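Enquirer: Letter by letter, the chains look like this.
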Amino acid sequence: MSDPISPGVAPAIDAADVVKSFGALTALNGVSLSVAPGTLAALLGPNGAGKTTLVRIIATLSRPDSGRVRVLGVDVLAQPARARGLIGLTGQYAGLDEALTGRDNLVLIGRLAGLRRRSAVDRAAELGAAFGVAHALDRAVRTYSGGMRRRLDLAASLMTRPPVLVLDEPTTGLDPASRRQLWDVIAGLRTDGTTMVLTTQYLDEADRFADVVHVLDRGRVIATGTASELKSRVGRSVVEIRLQHAAAVPAAAAAVRDRLALPPADVRAHTGSGSVTATVAGADATGTLLAAAAALRAGGIAVTGLALRQPSLDEAFLALTDGRQGVGDRPARADEAPARGRARRLPAARRGADRVRP
Amino acid sequence: MTTGSVAVARPAVWRDSALIAGRQLRVLRLNPGRMIYPLVQPVVLLVLFVSVLGNLAVRHAAGAESYREFLIPGIFVQNAVLTSPTSGLGVLRDAASGVADRFRSLPMSRGAVLAGRLGADAIIFAAQAILLLAVATVLGFQLRSGVPGMAGVVAVTVGVGVGFATASCWLALLIGDPEAAERVLFFPAIALAFLSSAFAPVSELASWMRPIAGVSPVTAAADLVRAMAAGGPAAGPLLQLGCWIAGLTIVPGALATRRWQAGR
Chain A
25 MSDPISPGVA PAIDAADVVK SFGALTALNG VSLSVAPGTL AALLGPNGAG KTTLVRIIAT
85 LSRPDSGRVR VLGVDVLAQP ARARGLIGLT GQYAGLDEAL TGRDNLVLIG RLAGLRRRSA
145 VDRAAELGAA FGVAHALDRA VRTYSGGMRR RLDLAASLMT RPPVLVLDEP TTGLDPASRR
205 QLWDVIAGLR TDGTTMVLTT QYLDEADRFA DVVHVLDRGR VIATGTASEL KSRVGRSVVE
265 IRLQHAAAVP AAAAAVRDRL ALPPADVRAH TGSGSVTATV AGADATGTLL AAAAALRAGG
325 IAVTGLALRQ PSLDEAFLAL TDGRQGVGDR PARADEAPAR GRARRLPAAR RGADRVRP
Chain B
12 MTTGSVAVAR PAVWRDSALI AGRQLRVLRL NPGRMIYPLV QPVVLLVLFV SVLGNLAVRH
72 AAGAESYREF LIPGIFVQNA VLTSPTSGLG VLRDAASGVA DRFRSLPMSR GAVLAGRLGA
132 DAIIFAAQAI LLLAVATVLG FQLRSGVPGM AGVVAVTVGV GVGFATASCW LALLIGDPEA
192 AERVLFFPAI ALAFLSSAFA PVSELASWMR PIAGVSPVTA AADLVRAMAA GGPAAGPLLQ
252 LGCWIAGLTI VPGALATRRW QAGR
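Sequences listed follow chains A and B, in order.
Sequence positions in the first sequence follow the working numbering and run 25 to 382.
Sequence positions in the second sequence follow the working numbering and run 12 to 275.
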């Protein structure tokens, strides 16, 4: 993953100290956010964290009580009309007229955004084909499936090729196949260099796409980093050992536990699969892995696999947001790590990229 | 797909309003069922009212030769008033759906959503008036002033309709809930038609009604249509109606536009 925050490059989106209250409820309590051009930033957080409020402010749909927002150098609060020309928005609810056809919607939105009729018609056909709705463009939107509707809505946001795109929970409520189709579209836009902000409740979505993840909780950014950084911030990794002979599982578990000085609860023996997993704390991942390897070698235990994997983003997210006040934007220390039971409840299957961090 | 933004024209209120008006008319074309309320029901009402009440003898028909001649202009205006809440409900439907955010996020003119809708409504009110004039002519209604009179009747219908439609947009956005708005908006439209000279001269109404009916825009509009049909003083009703249309469009229009822009 490329360096997400390169010094010297002016950010495409730059929000500083954004505060927004709705009556007694403080939705955003001093949020700052910087998104480099051509990158995708994910805003991750539970319901009510302030994600939607923040993207609505960026997209000029809502005004903050205080703070500053710039998009490609344009002050969104002072010049909302200019900013609107730079930003495409796909909201939580499809911004489409159900009574019109897909093509009518695209052409109308394109023309309202300033395109000439001819260009709007051409662009509508182009996007319809690109997003897999070409066959349905002359049908009323009310006949569309949820996935088609979202894709058409995203196409509508792209009629004028805005350099900045704001996506508010674009895949919420979609079935897995539709989610995948929308992901393909987002991946394509990223390749094209569109700067994107995406809010999501799905950790795998943030993990998959985001150059930088901003974790929001109760109106504050409580952590910022790549998915990988956030995971390592939890301060715990998992050593996974696959043994040649299942019979050696108890010996291997004992050897690793003793060498790494782990509490018995953090080392699990899986005799069925012939493997041992150990949850370890500390920053010295290489040292941990070498120590585990040395312990196995000293015990004469044959292994077929030895890996250090990161905790999942789920685990990082829970550790960062779980009812703890004042975590701030600093790494969680080992003693702030989540309750041990939770780490083990998470699925063991991880993607290859996460195995053995350099 | 290529990147880079297309140069976007500056928001132009006329262009954007025309686009929104086009959207409204396109919705009607694709969904002909939506034309029943503004175009078919008024014709049915006109035929029913005239068939049931048209032959009644009345003492004062305000210059009209028969009650039929008195009643038909009232029904023209009544129908425009009854049609007007659909504008407010439409705006509220947009406001309550993702369409509002879509429009607000576009570099388009802010006032165009309302202006465009009212523009499309003006066309619908004109169509309604022309249709009613045609059916009324079949029923024996005659305009002494001929073609200019017909244009006048269309203008009055459009004026009254757009005036009440603008007010309904503001009220609907004020109410905020589409279902509640549907129940709230139609009732005053019905009451207004009765609290006027639409069905009987003001002097024949119950005494408590007379002060209200006397200043009503519906009275002014119905009397103006009667003046164009049968002759008689037009200046008074015209002035009264002009003031009402200005009052119903300018202030509620500005307030509705502001409310639309403010969003949620």
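Take the hints with a grain of salt, since some may be wrong.
Beta-carbon label-pair distances, calculated as ranges [said to hold, decoys possible]: (1) Ala265(B) / Gly97(A): 31 to 39 Å; (2) Phe205(B) / Ala153(A): 52 to 60 Å; (3) Ser156(B) / Gly156(A): 40 to 48 Å; (4) Pro43(B) / Ala211(A): 40 to 48 Å; (5) Asp216(A) / Ala145(B): 39 to 47 Å; (6) Gly225(B) / Arg166(A): 45 to 53 Å; (7) Ala265(B) / Thr215(A): 52 to 60 Å; (8) Gly72(A) / Arg269(B): 24 to 32 Å; (9) Gly54(A) / Asp188(B): 50 to 58 Å.
Stretch by stretch, here's where chain A covers chain B in the computed footprint (C-beta under 8 Å, at least three residues) [to be verified]: (10) 32 to 44; (11) 105 to 119.
Derived by calculation from the structure, the hints in this document are not laboratory data.
Keep in mind it's a predicted model, so treat the numbers as computed, not measured.
Glycine residues also receive a C-beta, built at the ideal position from the N, C-alpha and C atoms.
Enquirer: Indicate, hint by hint, whether the structure satisfies it.
Expert: Structure-based check of all given hints:
Against the hinted window of 31 to 39 Å, the Cβ-Cβ separation of Ala265(B) and Gly97(A) comes to about 33 Å, which satisfies the hint. In this structure the supplied range 52 to 60 Å holds for Phe205(B) paired with Ala153(A), their Cβ-Cβ distance being about 57 Å. As the Cβ distance of Ser156(B) to Gly156(A) is approximately 60 Å, the hint placing it in 40 to 48 Å is violated. Separation of Pro43(B) from Ala211(A) is about 42 Å and conforms to the stated range, judged on CB atoms against 40 to 48 Å.
Between Asp216(A) and Ala145(B), the C-beta spacing of about 56 Å breaks the proposed range 39 to 47 Å. Range check, Gly225(B) to Arg166(A): about 47 Å between beta-carbon atoms, so the 45 to 53 Å window is met. Remark: the range hint 52 to 60 Å for Ala265(B) to Thr215(A) is contradicted by a beta-carbon distance near 46 Å. A C-beta distance of roughly 29 Å is found between Gly72(A) and Arg269(B), which places it inside the suggested range of 24 to 32 Å.
A C-beta distance of roughly 34 Å is found between Gly54(A) and Asp188(B), which places it outside the suggested range of 50 to 58 Å. Figure legend: the stretch 32 to 44 of chain B, annotated as covered by chain A; annotation consistent (6 residues with Cβ-Cβ distances under 8 Å, at least 3 required). Interface restraint, the stretch 105 to 119 of chain B with chain A: holds (12 residues with C-beta to C-beta distance below 8 Å; minimum three).
Hints 3, 5, 7, 9 from the list above are not met by this structure, while the remaining hints are.
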